[in-house]
Amino acid sequence: MFTAAGFEKTFEYIQLFKEGLICTVALSLFTVIFGFIFALVLSTMRLSDIRPFRFLAIDKEGRELEDGFPAMLGRFNPISFIATVYVEVFRATPMLVQLFIMYYVVLADVQFPEIKILGFIRADRFIPGVVALSMNSAAYLSEIIRAGIQSIDGGQTEAARSLGLSQFETMRYIILPQAIKNILPPIANEFVTIIKESSICYTIGVQEIMYAVSATKGATYRIAEPLVVATVVYFCLTFPTSKIIAYCERRMRRGDKR
Amino acid sequence: METRGDVLISVRDLQKYYNKGAIRALDGISVDINRGDVMVVIGPSGSGKSTFLRSLNLLEHPTGGNIIFDGVDITKKKIKDAFGNWKKLDIDLHRQKMGMVFQHFNLFPHMTILDNITLAPIKVKGIKKEEAEELALKLLDRVGLKGRANDYPIQLSGGQKQRVAIVRALAMEPEVMLFDEPTSALDPEMVGEVLDVIKELAKDGMTMVVVTHEMGFAREVGNRVLFMADGKLLEQGTPEEVFEHPHNPRLQDFLSKVL
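So the protein sequences, as listed, match chains A and B. Just so you know, the first sequence maps onto residues 578 to 835 in our numbering. Just so you know, the second sequence maps onto residues 90 to 348 in our numbering.
You can trust all of the hints, since none of them are fake.
With a Cα cut of at most 25 Å, we get these calculated SDA-like pairs of lysine to any residue: (1) B:Lys346 - B:Glu333; (2) A:Lys758 - B:Thr201; (3) A:Lys773 - A:Leu673; (4) B:Lys177 - A:Leu650.
Stretches of chain A that chain B covers, calculated by requiring three or more beta carbons in the stretch to come under 8 Å of a beta carbon on chain B: (5) 733-744; (6) 750-764.
Calculated directly from the structure, the hints in this document are not laboratory data. Just so it is clear, CB atoms sit at the ideal spot from N, CA and C, and this is done for glycine as well.
Pulled out of the complex, with its shape left as it was, chain A reads as follows (with noise of 0.2 Å):
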């Protein structure tokens, strides 16, 4: 199965692992950047309060219906259900599937520079990749916001509310400053998920690991050994991160005992 003399030819295209390591990281690091700005949109989007149709549920009187036709358009958000429809498609379906209609479908027939990004990266492959991983990514770190947002005790947003603070004043003032502690952790969990899971973006020739453990495997007729080498590539890139993380959750939450 693995033999000295497969790692031995192995070693001598290490060059492309270097470079497949490199353009993984700058991926999963504009993936992370990029998805996060989406996610922040996508999530403000979600906990909105914007009601157009309000004015049909309100009464001649100046109340607001509870229940009936109106009152549930009253409710409708549409910037809300816009969102969720959003994430639930891109949590819902294959990874890969979204990124061959974001390569083959939506940017074929975009004309990008033929640049080669640090003069190896292929500007045509990479932009579509980084694309369709934030997109997908932002799906899942819209709910970690919103969900960091909602864990906030409701009582804190009720004494705001009561001291006269509008619903804008609360969230930057109160619950905003709360639920960043909660959300930067899975956040940075996320981030190791999208190291590894950009390994799909080789299906569609982005030069990372795996497209260097193809290419080996290539010229050298070997599979075992460049497997190998991409395994401990990753997991040298992810293991430390994610211990990195774990060490600053800790000294977060001790912030927090005071």
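Given the coordinates of chain A, assemble chain B onto it according to the supplied hints.
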């Protein structure tokens, strides 16, 4: 003791239904709260006392009825202004004038005591930071916690937290204070220190509505006592009338259990 002033909050036929009327948390409550009143609300658990109190500043939105506070019906989404034009009712404006104290304190854990108290005056009323802090320290001094201004809520005992929560509400200089079982979450030895603060406020003439299980306190401090059960207001009167000469059998039964 007669009522002390003009009507501040007028509650008319207040209803709160759940499941389209299957559960009636509030079933037609009508009562006038006058300026200077210390109104104590008693009753068995699940009687709707807290729902009633929380409806007064619309933390619970009533299904029906009216709450007229300072001449404005705050249950409406839209009101007519002085010129007869419809405008949106800004509930935040009215909530500023109603201080609320909760059973579980609800202090903001990520802020110091001082910031807890000055946040709303600074952000909502637009008072200068120095002025807000001066007022906060003055109020903290009144409840004996001036030295804790820069501590965080987690460093305080339950009784201290509740005293800070009272100060936080007072810092907005409200016209009425609403207390939702302010001593129910406290250890027995801390109940007294919180009740003393509320008594002080009563002496100063603050209008208050207090939901409580402390019958001794209700008797001593309240000038009006309401007895609620099953979402209905079954009996009301002076502490003497309610505690010494109860008419309603539910009230008699309740008092025989708690006194």
